[in-house]
Structure formats: structure tokens, C-alpha cells
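**Student:** Sequence lines, in order, name chains A and B.
For the first sequence, the numbering used here begins at 11 and goes up steadily by one.
For the second sequence, the numbering used here begins at 31 and goes up steadily by one.
It should be emphasised that the hints constitute simulated quantities derived from the structure, not laboratory data.
Any given hint could be a false lead.
[Said to hold, decoys possible] Subject to a maximum C-alpha distance of 25 Å in a straight line, what follows is the list of computed SDA-like cross-link-like pairs (lysine to any residue):
hint, chain 1, residue 1, chain 2, residue 2
1, B, K389, B, R334
2, B, K174, A, E75
3, B, K389, A, R68
4, B, K389, A, T170
5, A, K83, B, G304
6, A, K83, A, Q42
7, B, K389, A, G74
8, A, K83, B, A390
9, B, K389, A, L86
10, A, K83, B, H371
11, A, K83, B, A313
12, A, K83, B, K174
13, B, K389, A, A59
14, A, K83, B, D317
15, B, K389, A, A168
16, B, K389, A, D82
17, B, K389, A, H52
18, A, K83, A, A32
19, A, K83, B, K389
[Unchecked claim] Per the computed footprint, the stretches of chain A lying under chain B, defined by three or more beta-carbons under 8 Å from a beta-carbon of chain B, are:
hint, segment
20, 55 to 68
21, 76 to 82
22, 142 to 155
Every residue gets a Cβ at the ideal spot worked out from N, C-alpha and C, and that includes glycine.
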Amino acid sequence: MSAALDALALRLSIEEFLYLEAELLDDHRYDQWLALLADDVHYWAPTQANRLRRDRGREASAPGEVALFDDDKTTLCWRVRQMGLATHWAEDPPSRTRHLVSNIRIAPAEVDGEYAVRSNFLCYRNRLRDEVDLWAGERRDVLRRADGGAGWLIARRAITLDQNVVLSKNLSVFF
Amino acid sequence: MDDLEELVRWREGLVSGEIFVDPGIHRRETEQVFPRAWNYLVHESQLRQPGDFVTTFIGADPVLVARQRDGSIAAMLNSCRHRGMAVCRADAGHTRAFTCPFHGWTYDEGGRLVNVPNLENGYRGQLDTSAWGLTPVPRVEAYKGLVFATFSPDAPSLVDYLGEMAWYLDCLLDRREGGTEVMGGVHKIRMHGNWKLIAEQFAGDNYHAGITHASAAGALADKPPADDPAPETPAARRAMQFTAAMARPGRQFSHRQGHGVAGFFTSDKALTGGLRQMARDQAVVADYYDATDAEVANRLGAERAKGPSGTAGLVFPTFIYLAGVFGASTIGVAHPVGPEHFELWRWCLVDAAAPPEVKAAMVRCHAVWPLGLADADDGENWSAVQAALQGPMARRQLFNYQMGLGLAGPDPVYPGTVSPEPIGEEPQRAFYRRWLEYMTSPDAWPCVD
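Given the sequences, and given the hints that come with them, work out the whole structure.
**Tutor:** As C-alpha cells, this is what we get:
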């Protein structure tokens, strides 16, 4: 019983964390979002190719190949800083976004105190008069327990964006 | 459409918004411009073995490109001769045959028809399979790894088509022994905007960089986000600060075939300028450029180891590149998708002889700058042009392409038609002059006077 309660408490804690993250992004509180990322974070979204069925498993670009995001904390800081600049035309006026996070699956990671957390996302963006973008995908995170703050840090995030050609005119968004 | 000469008055530096939105003009482009020009297909390093293939487009037409058993590269329409279906729907791969999923007509890697179901009982053996191969793109030629193709029997050779542009391309393609290769993975993004907006930008628009990319440059400033003064700084004033950085000696190159080099600073050792301070990956690339500087200067000459080695350019109509910008070199193609959209496909190009850790750093630089910090604002601006031109009064306006009118000519150092400033619009005027010739010439190849 205790083990089941522990698992439930863990799940609630992780779900709360992921919902907080989505809230920060949708509220454009990007510097607070940055604080949820570990200093050694790797934030990565490979490209997705159309391959023949016999090449299944080779759709995503491999580590070391070209990716949509391949960021460490420094380059994520650049992206966040750009979001706040008055000359960032892509986000001025700011977009309206809504991050929906679901299908959360939790497993212990290799390192003690870390968990491999998979979640699905749907991100809706509405911009200017009538521009709409919809991105769906999966995130494979490694979450690390942290003292204080939100209780967790994102140590790794691998994003599968379910698009071949990126159908939005940019990716001035975080998943 | 008979008034195209009135819509593109390149001599005066005037271009009408109609050419970016009119469906009839776009249909004519797909018939007159793309099939006749030399179109970029693939980098040779992407097709290493016989049977390796990629799919792409020439304008609006789907094209299949494959390495042949004799080592050559062939291109053909990706459309079955029986009912037109695409015979290959993967982006890339390796195969011995392409079988049409509709009725099973099967073609080999060269497009030859090698199997037809019911050939004996249905066609009674009367079908001449040798006459029903995939429609070839008849001319495929390469320049230092870059493979281009044209349907025109009368087009000049690729090397003659490139002309002096090849001298500038060498800054990208011929830095080191072994040439270049493309890294795995490709950025593909659907932009809202007419394809000519990006084509002319890479040909000659160094002007936009300071304003459009002010936030990308500002993001690299070494301040924590909360302390950044930018939100309080009037946007125009901040943008002007970046534009002031353009007031340095430099040049632009324009070519009679419509190619251009957008602009470079002659005094710069362009590749490493500012790179080292940015972050770890950029420092790795800066060290690599420094270490190979002497070798590059030895191969290409000192003048090409500087300015033109760090810039943007266009090979007419849609091959674009960034040479050594922000720690990565990028090659790409802008496929038109109707008059209102284009698809930007971009690969990371590296020296084949570069060490693995340098290639890895370049790949990460490629992700953070072109698709990340820079494209975000380009994509917004192109879409805002396209949206504004939907009304008849707006699209009938003549836009100003007059910067640097009459200034271009020969240069003592740089070959071809060269403008004496790093910003200007001579390459754009040359682009639209050539575009107009394609659009109005009935010949198999629009001649250059």
C-alpha cells in the first residue's frame, strides 16, 4: 500500500511540475521557465523524415545530425532573451499559446533521483488576426529531483514533433 | 499578363506587388522559369551508393534523383507514366526498383520500365516498355558536389550558367582538399510568402539583416534576460544601432543569369568575427576556421579567405546558401508552393576533412541560428508582406528597388558585376531582369544579350 501511495505521490508531483511548466510558457514567463531547466540540460528535437517501411526507425535524425532544436542552457538563454526583445517581430504582438500535456508515463531513470518521463503534447498557437498553428508530439524527459524551487529540474528533453515539413512559419515556441 | 514589362521595370528599380500574388503569373513561372533554369537537386554526398535516392521538386514538378550503377546521377519525374501517381513517396532511401502502388508499373533506379503487370494477357505483349520509362530530366550536371538539373536542351552548361558565381561559391565548396559533405537531417519549413521573397533576399538583401535580425543579434548580448534594457528601448532606435554596423567597406555581386552574393565586408576576417565570444560550439568553429585559414588562403587566395567567405547568396532561381554565418554553412532550396507559400529545405554543409567534433559543433550552430533565432523573424516578415498584398490597391503598388542604382561595375579584386557597398539592390534588379526574360521569352532558352 505504501509503495502504491509513493507512486501516486510521485505521479502527482511530476504532473504538477509539468502543468506548472506549461503555465509558465503560456503566460510568457520565460525566464521563470528557464529556471526549471538544469544547467546541464540538453533540449533536442530531431527532424522527421518520410522513410520506406523497411527503414522504420530511421525517420528521426540521429544524435549529431541536424535537429530542429539542439540546445544547451546557453543557447536556450539566447532564445528566451530574444522572446523578450521589442525587435523580435515574430512575437510582437505576442502570440497566444496553449500547451496541453497528457499521457504521462513515469519510470525510474538510471541515476538515483532521476525519472524518465514521457508525455504527449498538443500546442495551439493563435497569432495576429487569424493565424493558427497546431503542433502535436511526444516529449521524453529526464526529470531530476531538486531542493526548493519547483521540486524538479528538466535534465534532458527529447521532442518528437509529429511533422515532416514544419508547417508553421517559424518555431518561436518551446515544447 | 502582357504587361509584365510594366510590372517589372528593373531599369528604374520598380517592381509591382502583383508578381508575388497573381495565380496566373505563378502558373507561368512553373512553366517558363523552373523547367528551363538550372535547379538545385541534391548534394553528391547524399547519394553514395547505386540505388540511393532522394525525392525533391523542380518548381511545381516532383522529381526523383538516384545514383546509377555507373556512378552517375539521374533525375526523372516522380510520376508514373500510366496514371501519374508518384512512384516514390519517401524523402530518401535505397532501392533497386520503384513500384507504382496504383497498378504496379515498376521502374529501375534509372527510370526504365522493367515490369508491367498483365503485360502478356492485358496488353497482348504489344506494349513497348522501352518507350514508357519515367520522364527524364534530360540534363544533370554537378559543380563541386552540388547537383543541378534542367529540362532545357538549349541551356548553357552548368559551369557557364554559374559564370563568376562559381568563384564566390568556391568560398563555400572548395575550402579544403576533399570538398564538402552534407550532414544527416534537413530543416524543412513551410513559409507563408511567395518564393521570390526569399530568392531576392539571398541574392542581394544584406539590408534587412540589421533590422529583421536585430533581436537575434540582441539575444547574443551578454546580459541576463531580466536585465535586458531592450523592451524599454524604442525598436527603431535599437534597430538603427545594428544597421550602423553595416556602414563598413564591402561589396555585392550580381550576375546576368540572376545569381547574387548578398553582401560582404572586405576588411573582415568574416568567419571568426565575434564567434568566439558566443558559446562553446561557436568557439570550436572559430578555432577550426583559424586553424584552416592558411590552407584556405593558399587554395583560394587571401581575398576569398576574408569577405565573401561569410555571406549569403543565390543561384537562380532557388538555390540559397549561407557561408560561414554564425558558425555554420547552410545550403538550401526554396520550393514554390503556389503563389502564396514556399518550402525552405536547408542542410548543414561541412568540409569533408573537418574533425568530427567540429562537424558536430557546426550542426548545433545550424539549428540555433538559421531555423532558430534568424528564421523566426524572417518567417514573420515574409508572411506580413504576403498578407498585406491581398488587396488590389496594395498589390498594384510599385515597390522601391532603387538602392545603389547605377553604381555597379567591374572591381579590381572581385570578379563580375560588383557594387561598391555591402548593401544595395543591384542583385535584386539583376534577379528580376532575368526573371522577366524567362517569363516573356518563347525560346527553349531565354538568351542573354
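**Student:** A separate judgement is required for each hint: does it hold in the structure or not?
**Tutor:** Verification of the hints:
no. : hint               : verdict
1   : B/K389 with B/R334 : 22 Å, holds
2   : B/K174 with A/E75  : 22 Å, holds
3   : B/K389 with A/R68  : 21 Å, holds
4   : B/K389 with A/T170 : 23 Å, holds
5   : A/K83 with B/G304  : 20 Å, holds
6   : A/K83 with A/Q42   : 13 Å, holds
7   : B/K389 with A/G74  : 8 Å, holds
8   : A/K83 with B/A390  : 17 Å, holds
9   : B/K389 with A/L86  : 21 Å, holds
10  : A/K83 with B/H371  : 34 Å, violated
11  : A/K83 with B/A313  : 16 Å, holds
12  : A/K83 with B/K174  : 37 Å, violated
13  : B/K389 with A/A59  : 21 Å, holds
14  : A/K83 with B/D317  : 22 Å, holds
15  : B/K389 with A/A168 : 21 Å, holds
16  : B/K389 with A/D82  : 17 Å, holds
17  : B/K389 with A/H52  : 18 Å, holds
18  : A/K83 with A/A32   : 18 Å, holds
19  : A/K83 with B/K389  : 20 Å, holds
20  : 55 to 68           : holds (count 7)
21  : 76 to 82           : holds (count 7)
22  : 142 to 155         : violated (count 0)
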